[in-house]
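Protein chains: 2
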Amino acid sequence: MKAAIISIGDELLIGQTVNTNAAWLGKELSSRGIPVYASWAIADDPEEIITAIDQLRTKVGLILMTGGLGPTKDDLTKHTLTKYFNTELEIVPEVLVRIEEFFAKRGREMLDVNVQQAALPKDCTVLHNYHGTACGMWFEKDGCVIISMPGVPYEMKGIMMDEVFPKLKDHFELSEIYHQTLMTQGIGESFLAEQFKDWETKVRDRGFGLAYLPSPGLVRLRITSNQGKKDATEIQNLLTEVFEELPRNAYCIGEKSIFEFVGDLLKKNKMTIGTIESCTGGHIAEQIVSIPGSSVYFEGGIIAYSYDQKVKLVGVNQEDLLKHGAVSEEIIRQMATNGRLKLGVDVCIATSGIAGPDGGTEDKPVGSVWIAVATKDEVVLKLFRFGDNRERNIHMTALSAMNLVRCQLQGISFEKKID
Amino acid sequence: MKAAIISIGDELLIGQTVNTNAAWLGKELSSRGIPVYASWAIADDPEEIITAIDQLRTKVGLILMTGGLGPTKDDLTKHTLTKYFNTELEIVPEVLVRIEEFFAKRGREMLDVNVQQAALPKDCTVLHNYHGTACGMWFEKDGCVIISMPGVPYEMKGIMMDEVFPKLKDHFELSEIYHQTLMTQGIGESFLAEQFKDWETKVRDRGFGLAYLPSPGLVRLRITSNQGKKDATEIQNLLTEVFEELPRNAYCIGEKSIFEFVGDLLKKNKMTIGTIESCTGGHIAEQIVSIPGSSVYFEGGIIAYSYDQKVKLVGVNQEDLLKHGAVSEEIIRQMATNGRLKLGVDVCIATSGIAGPDGGTEDKPVGSVWIAVATKDEVVLKLFRFGDNRERNIHMTALSAMNLVRCQLQGISFEKKID
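If you read the sequences in order, they're chains A and B.
Using the numbering used here, the first residue of the first sequence is number 1, and each one after it goes up by one.
Using the numbering used here, the first residue of the second sequence is number 1, and each one after it goes up by one.
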């Protein structure tokens, strides 16, 4: 059984919105063993919607459509589908109640257009939306399941997780796919591939799928079996071989962000953490805080962006700052050690670097970033050389900093060196 | 004349790569008056490539394909097109020289697979790639131009700018599309639609396209004319009508993030800004810093996540904190006013709220967030009620805070009230 994705919306075609929905759906479907045959973005146009469904339903058993279900007039999908399936709209009382609650909870007035969102085609299975007011709809035609959802990403994701995936499991007999993933930070895809060439052959000879899934600063190594959970132990053992070879890079087996992993370590050790950020401008703290429950270990931080704030808020020595510059071993050390005392935390991360696009020098090109991690026993510091891209440099710094914290908490030594 | 985009690659279908190429092409094409009819992502499969071309060339005059031209084995597009156009491959000496130079410059060894990249179909116009080794190809069939380019974004963009757009201008007589967008914050799509119902009718009666483009916390209102720039003034006037009705929500005409807009305001006023964040945990600072050049106005901030840090770093009164709780009018006021002095900035943003998923009470449910903005003259404070989603609440808080700053800098009054 294959799936097709239809993303509806002029904003996708004119490039005002990047189609992250299609990527998310592709990832979730393929991880559940449903291959994606094609992913089409089309206009908010009844004729185009119908043509797309008619063409794709001859090729696949499942069509997932997103977009065109909002309350405003440019949203046509619901009416188009109602006509296509030769049915009519009818207010669903249960949905109306939920929409009313949605507005009441937010202290907002409910308008007639919102009432109309409770009107749904008679012949569909309603897919409830617990994050917004536009429901999803599940139709069937000649053996093909056709699902329509709103285009707002977190609403669509909510409907998929709450409603669609459980129903799909019941509806289709899916071949059971089993994945397991090794998470690594700070080592490139080609280095991994080179270092584990023989291991890769072994994995493939066993009939497993192997994928290197790189994103800036991280590579996930995923083994897939189409025999299901019975291969779990064998796959775990294979990944453990790589895990044990790479103590500085491989941080866990199983999908987990390094922020969550370090959070768990801190909780286990009953330790607190804080941040003194310059070039990352709050990104590390933000990523730590994005983990629910982080208030147990995250105390707070200082964003010491300007020279002034480094002196005033963190107590960096002004003379040293002028002598060495903010992006220096001396200053990063002071930021981490003074910061730890100021914040009164067990572990303090400090960052100072040149994120770009401007500000680089011959000595310290754009992408040079010092990271330090101070505990009561020691300060670990390291100079990294990332690339030209500001956003990427900031993100790589955050990931590298968390990996340094992890190594320190786990007693994995890190020589101080240029990476 | 319309265009279609075909993005080739399994990595797009399984969601390993987000299709930013399609968004970029959509934006560039529509800004040059070429509407995009559809954008398809398909598998690295000869049959699928041919089916897609055959279906789309009956609908459009231009097909832009990306992907499948690299040196590795899974890249099939070139061979598929050579067969499709009934021609053969032939080494192009000029291209071979450039590939040789490319490798020499980087001090890398050239492999046979790289030599083969200079082999191109006899019947195509070569589109030179000055950023990589895989050339683009321009074919024509029954009045449809079919272009194939590599999928690496900066190589594709280079070929489009250097080669494709100049050639397209010569080849087609293009109808010119013109868009303009009004940016709003803090007002829902349905409220906008309701409030501007008559205006919407006027816009549509005039023959313009109108779209509401919502994302959490923001709605963009876009008017489109297919008569090109000659309608610019009329569209500007139409958007200005809405802009003037919504001083607290509409912040500018033209695509600009609110962080950038506020940054420009601060620069113009030669003012500095700082942040005292609790529930947003650094997100506001991070978003401010993500704008290149923000170091001119952004001084720094404090992430006062725990009670302790609010007292220690920001100087909030401990008794008041225990009496009122962190999410209260009294404490947010102290955070903003004390914070402004601590940071020594002209404008200080403070946030304190319950981002969720836990921590809500009957009085202060999840999603309750106080935001304050302090200047030397006044403190504006406002209690917001967002929803249940932590990530969304944090982002909505950041956007709302920036909008409060904007209103204050522009002298737009904001009553203190529950929203």
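Derived from the structure by calculation, the hints contain no laboratory data.
Do not rely on the hints blindly, as some may be mistaken.
Heads up, the list lumps identical chains together, so a pair's fine if it works in one copy or across two of them.
Said to hold, decoys possible - Here are the computed lysine to any residue pairs in the SDA-like style, where the Cα-Cα straight-line distance is at most 25 Å:
(1) Lys312 with Gly344
(2) Lys83 with Leu210
(3) Lys83 with Arg206
(4) Lys342 with Glu319
(5) Lys59 with Gly360
(6) Lys376 with Glu189
(7) Lys268 with Arg206
(8) Lys141 with Gln55
(9) Lys122 with Glu241
(10) Lys59 with Glu47
(11) Lys342 with Asn317
(12) Lys267 with Glu391
(13) Lys229 with Gly325
(14) Lys270 with Val97
(15) Lys256 with Arg222
(16) Lys342 with Gly325
(17) Lys59 with Pro46
(18) Lys157 with Asp10
(19) Lys256 with His395
(20) Lys364 with Gly293
(21) Lys122 with Gly61
Checked hints:
| no. | hint | in the structure |
| --- | --- | --- |
| 1 | Lys312 with Gly344 | both (17 Å within a copy, 9 Å between copies) |
| 2 | Lys83 with Leu210 | between (43 Å within a copy, 24 Å between copies) |
| 3 | Lys83 with Arg206 | neither (48 Å within a copy, 28 Å between copies) |
| 4 | Lys342 with Glu319 | both (20 Å within a copy, 21 Å between copies) |
| 5 | Lys59 with Gly360 | neither (53 Å within a copy, 48 Å between copies) |
| 6 | Lys376 with Glu189 | neither (35 Å within a copy, 52 Å between copies) |
| 7 | Lys268 with Arg206 | neither (37 Å within a copy, 65 Å between copies) |
| 8 | Lys141 with Gln55 | both (13 Å within a copy, 23 Å between copies) |
| 9 | Lys122 with Glu241 | neither (55 Å within a copy, 40 Å between copies) |
| 10 | Lys59 with Glu47 | both (19 Å within a copy, 13 Å between copies) |
| 11 | Lys342 with Asn317 | both (14 Å within a copy, 18 Å between copies) |
| 12 | Lys267 with Glu391 | between (29 Å within a copy, 22 Å between copies) |
| 13 | Lys229 with Gly325 | neither (55 Å within a copy, 49 Å between copies) |
| 14 | Lys270 with Val97 | neither (45 Å within a copy, 51 Å between copies) |
| 15 | Lys256 with Arg222 | within (13 Å within a copy, 39 Å between copies) |
| 16 | Lys342 with Gly325 | both (22 Å within a copy, 23 Å between copies) |
| 17 | Lys59 with Pro46 | both (21 Å within a copy, 16 Å between copies) |
| 18 | Lys157 with Asp10 | both (21 Å within a copy, 22 Å between copies) |
| 19 | Lys256 with His395 | both (17 Å within a copy, 22 Å between copies) |
| 20 | Lys364 with Gly293 | between (38 Å within a copy, 18 Å between copies) |
| 21 | Lys122 with Gly61 | within (22 Å within a copy, 40 Å between copies) |
Checked against the numbered hints given earlier, this structure breaks hints 3, 5, 6, 7, 9, 13 and 14; the rest are met.
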